[in-house]
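As a plain string of letters, each chain reads:
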Amino acid sequence: MFEMPVEVDARNLLCPLPVIRTQDAVAGLPAGTEVVVRCTDPGALLDIPAWCRINGHELLSAREIDGEVEVRLRTVAQPPAA
Amino acid sequence: MSQPRKAVALISGGLDSLLAARVMLEQGIHVEGINFFTGFCVEGHTHAIRQKDRKRPKRNNALWVAEQLGIRLHIVDVIEEYKDVVINPRHGYGANLNPCLDCKVFMVHKAWEWIRAHDFDFIVTGEVIGQRPMSQRADTLPVVARESGAEDLLLRPLCARNLPPTLPEREGWVDRERLYDFSGRTRKPQMALARQFGIEDYAQPAGGCCFLTDRQYATKLADLWRSRGERRYELDDIMLLKVGRHIRPRPHFKLIIGREEGENRFLEGYRKRFTHLRCTSHKGPLVLVDGEASDQDLELAARMVGRFGQGRHAEQVEVEAQRPGGAVLHFQVAPLPASEIPAEWYV
Ligand code: SF4
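Chains A and B, in that order, give the protein sequences.
Per this note's numbering, the very first residue in the first sequence carries number 1; after that it's consecutive.
Per this note's numbering, the very first residue in the second sequence carries number 83; after that it's consecutive.
The reader is advised that the hints may include incorrect statements.
[Claimed, not checked] Now the stretches of chain A that chain B is said to cover, found in silico as 3 or more residues with beta-carbon under 8 Å: (1) 12–23; (2) 34–46; (3) 49–61.
Because the hints were derived from the structure by calculation, they are not lab data.
Cβ atoms here follow ideal geometry from the backbone N, Cα and C, with glycine treated the same way.
All chains, full assembly: derive it from the sequences and hints.
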């Protein structure tokens, strides 16, 4: 079944808030969920991919479209305890 | 094999916390990072807003440090709780509005709550005796350990050998002999240790880790509190203090004037919530009005909008002001000459 990606609206927020919003949204999601984050702070173009690498989530794309940053990722199961 | 002991390290993004975490990793401790976002962190903001800074590579230093160390990082939004630290610091302020000692107590306390919730064993910070005038003195380091509740679960690997042994040392989870005895303001031992670990690229924050140590920023925050008659702020307030020229022509309102494209774009995001002005006859900045401005106040604001746009030498400029509800006012005014903007208006 095709699942709609989970949208995270982090527009008009400055870094690291887009990362925090992404982190908090992802925390409650099952592995394999696609998430789309939209931001206006261009810093998110580097920070969210870095956050994905640190936490082992799969980065699908990160691009700037019409002055907005759009990052797509897929959640990966996390080790417990943290 | 027994499970490694687990520590959470306060990661600011600077060199000291990077080294402290690295020293623990060297001893086989499982380390995860924690970073608290207070709203005042120098991280990210200004370099994301201004156009000229967009060309510089920008990164969140805490994330970058975590990636270098190969550890997980938990960024925690403490904006609301932190207000009380800034507004009512029990130990007072440093040189500006930086409540460093209360801030450290607060952060270590939050980390202490975190280790209990996540079943971690102890807390690590990059503090060094004598490094900072307020929060990292021989007499204030124990205050942080005591008032945060962390007590001897708080280990400072860079200066631990100058301090009484903590529980992780006494229990043999970490080897005290392989901890350090740094002290004082010199950065040389940290730089040498970084070299030893092969770490060459790291952030070097000048005054401190947040905007509250910045004199100009603190002046703007004090002005905000004065104008409101109380010490209170919202996240938007403290973000806006980082952007644009702030000019207060009357006690009950100030203007926030974008200085360039990046700032104008950032201020655009606040248009719906603030009365804002823009020159329609000439190019010029977006200007937000913070406070309650009457129509007469807006006429003065319109003249200032003229002054900071390309029509500053024109006889008349046309300015549109829009109130948050959508009501629009049109002004045809003479730009205010620079000589009629007293220096005291600049916050
Ligand atoms: S500089 Fe800012 S973030 Fe750092 S300890 Fe002081 S108040 Fe806290």
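Quick one: see if chain B covers the stretch 49–61 of chain A, three-plus residues with Cβ-Cβ under 8 Å. holds (count 5)
When I compare C-beta atoms, does the stretch 34–46 of chain A have three or more residues closer than 8 Å to chain B? holds (count 5)
Count the residues of the stretch 12–23 of chain A whose Cβ falls closer than 8 Å to any Cβ of chain B, and tell me whether that reaches three. The restraint on the stretch 12–23 of chain A holds, since 8 of its residues have a Cβ under 8 Å from chain B and three suffice.
In this structure, none of the earlier numbered hints is contradicted; all agree with it.
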